[in-house]
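Generate the whole structure from the sequences, applying the supplied hints.
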Amino acid sequence: MPDLGDYRIEVLSAYAVSIVLLLGLVWLSWRRYAKVRAALEKVEKNG
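Numbering (our numbering), first residue to last: 43 to 89.
Be aware that one or more of the hints could be misleading.
The calculated label-pair distances, taken between Cβ atoms and stated as ranges, are [as the list claims (entries may be wrong)]:
1) Leu63 to Val85: 27 to 37 Å
2) Val68 to Asn88: 28 to 38 Å
3) Ile51 to Lys77: 36 to 46 Å
4) Lys77 to Arg50: 34 to 44 Å
5) Ile51 to Arg73: 30 to 40 Å
6) Glu52 to Arg74: 25 to 35 Å
7) Leu70 to Gly47: 30 to 40 Å
8) Gly89 to Leu67: 53 to 63 Å
9) Ala76 to Asp48: 14 to 24 Å
The set of hints was computed from the structure by calculation and includes no laboratory data. This one's a predicted model, so the numbers in the text were calculated from it and none came from an experiment. Here a beta-carbon is modelled for each residue, glycine too, at the ideal position from N, C-alpha and C.
Below is the structure:
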């Protein structure tokens with residue numbers, strides 16, 4: 043790991059926040075995908 047000096051806490055917390063936000067977006071996207079897929083299957087089944 044590179045030496046971040048006096049800004050170690052700020053840099054690492056920025057990385058942590060970014061990772062959490064990206065994981066949240068992936069989770070929300072996956073959830074929406076599952077809902078849309080289920081709705082599409084229902085429409086295709088019922089006509």
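Query raised in the report: Okay, which hints does this one fail, numbers in order?
Result: Failing hints, ascending: 8, 9.
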